[in-house]
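A.B. asks: Each chain is listed here by its residues.
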Amino acid sequence: MAVSAATPSRQRRLRPSCRRDGAAHAPLIPPIRGLLPLALLLCVWELAGSERSPYFPRPSTWPAALGDLWTAGALLPAAGATISTFVLALGVAIVLGTLLGLLAGGVRTIDRALNPTLEFARAMPPAAVIPIATLLIGYNEQMKVAVVTSAAIWPILFNSRAALRRLDPVLIDTARSLHLTTLQRARKITFPALTPGIFLGVRIGGPIALVVTLLVEFLTQVDGIGGLIATAQRGYLSDQVWGLILVAGLFSLLVGGLIAALEACVLRHRPTA
Amino acid sequence: MRRLANLNWLGLLTMVGLLGLWQALVATGLLDYEYVPAPSEVAVAAGRLAAGGELAEATGHTLRVVLLGWLAAGTIGIALGLLLGLSSAAWRWSMASFEAIRAMPPICLVPVALLIFGFSIRMELTIIVYAAAWPVMINTIDGARSVRPELLQVARMLRLSRVETIRRIVLPAALPLAIVGLRLALSFALVLAIVAEVAGNPSGLGNAIVTAQQALRPDEMFTYVMAIGVLGVALNAAFGLLVRRAIPVLAGARERSAV
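Line by line, the protein sequences give chains A and B. 1 is the number of the first residue of the first sequence in the numbering used here; add one for each residue after it. 1 is the number of the first residue of the second sequence in the numbering used here; add one for each residue after it.
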């Protein structure tokens, strides 16, 4: 007990004697040397692989393949299309998800009425929604946004519902005893108290939105990075496929970083999120 | 009787009401999409497909692949998770690699698997196992690494051997999180199975949707989509039941950690 309450410097000093409890004091962020196996794998791949392997082309050929796409003028518009779908759909999911979540969290009857329908809709995999959406809306940007929204909305909806239910009754009493108007109460009490919960939903929903954006582009070949991957895969241009996968990975890191930064910025006034 | 009273009648009524609204909109021509079938047409198609055996065949394929892939993913995920969760050297020397690979959206493997295996069941299984192993592995690592220090001190006080400590303290402590991972993995497995089937594996519910869509049979398409929804809900419920039966202590832990 005393150890877990100790300051970092004391912990370090104490460590040799409690080595066997390793797990309790283990670092949370993995050290960078852990990248070694991945680097080794890529080296072996580079040395053992061939230029023209139909499946595993050398990693050094990937940037050149991306360069070809870039000079052909395909890469930039595709990245733009992917980003615009992602941003639009996540925006719609945040607004709709928060509204529905607050409605369900605030009014018990609405929650009970909607719950089975929502649970069923949530169980629907995006890949099953895509054929319906293409049939109803067509192969276009609106279809992409609709599909991505329908996948990313759930964590935002459920987390904002939970946040409203968890709202500390003392806060509401405080607002009442201060005689705040409804608008003031929403702005000063309710909304700030709910933001961490809503952001938790966005943190889960953001990566889902990106994955589903890539998925819907891949399956329907509507323009975007996913569409380029599908075209490259159908043409057996494996170096392009791997290069584009790398781009998708960079997007996903970027999205994670941006959401974390946004969260830190919005929640900067509170000590613990 | 009590079970009947506990049922969410209001919610079921809403569902039925929405279906009725949908039927009314199509019947009166207010919802004038060419490709929106009325629920009654979907029901007729479902009856036809169920009687003809197509529905059972497609569902059977998807269910088999999902369970097979889930079992493989669970085994791999728990094995790797225990290795990295128990050995801090293994964790230090490889966790960053796993995190880097995990940052890739899992569907990025779909084109690669398609390149290598073509339109086959091996492609589908590869994708399922890859995507579903991650949550099991990550949760098992977290579970094994977050054993409370007091428990380890107890183990030392009782002079348990390393193996005994793992068996009696670390594994039970890691179990709840590993089970959360397995639950996530089950729904990932279904999602990715449908992706693989829509993307090209020529069997299962996902492929049936695409075939119905291309044949311009929206009534059959909606039937298969509904079947996927029912399968998802049923798998989740079956898993919950299994966990409650097998490990009753954990029944409460489920709600606590589900995100």
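Keep in mind that the hints are not guaranteed to be accurate.
Stated by the list, open to error - Heads up, incomplete: computed chain B residues facing chain A, CB under 10 Å, no partners named:
hint, residue
1, 76
2, 80
3, 83
4, 97
5, 111
6, 209
7, 239
To be verified - The following residues of chain A were derived to be distant from chain B, with all beta-carbon distances above 10 Å:
hint, residue
8, 112
9, 121
10, 182
Derived by calculation from the structure, the hints in this document are not laboratory data. Glycine included, C-beta positions come from ideal geometry on N, C-alpha and C.
A.B. asks: Does each hint hold? Answer for all of them.
C.D. replies: Tested hints:
1. 76: Violated, because the Cβ-Cβ distance from residue 76 of chain B to chain A comes to roughly 16 Å (cut-off 10 Å).
2. 80: For residue 80 of chain B, the interface hint is violated, since the closest Cβ of chain A sits about 13 Å away, which is over 10 Å.
3. 83: With a closest approach of 13 Å, the residue 83 of chain B hint is violated.
4. 97: 4 Å, holds
5. 111: With a closest approach of 4 Å, the residue 111 of chain B hint holds.
6. 209: Holds, because the Cβ-Cβ distance from residue 209 of chain B to chain A comes to roughly 5 Å (cut-off 10 Å).
7. 239: 13 Å, violated
8. 112: The claim breaks: residue 112 of chain A does not keep its Cβ more than 10 Å from every Cβ of chain B (closest is about 5 Å).
9. 121: Non-interface label fails for residue 121 of chain A: nearest chain B Cβ at 8 Å, not farther than 10 Å.
10. 182: 28 Å, holds
When held up to the earlier numbered hints, the structure conflicts with 1, 2, 3, 7, 8, 9 and fits the remainder.
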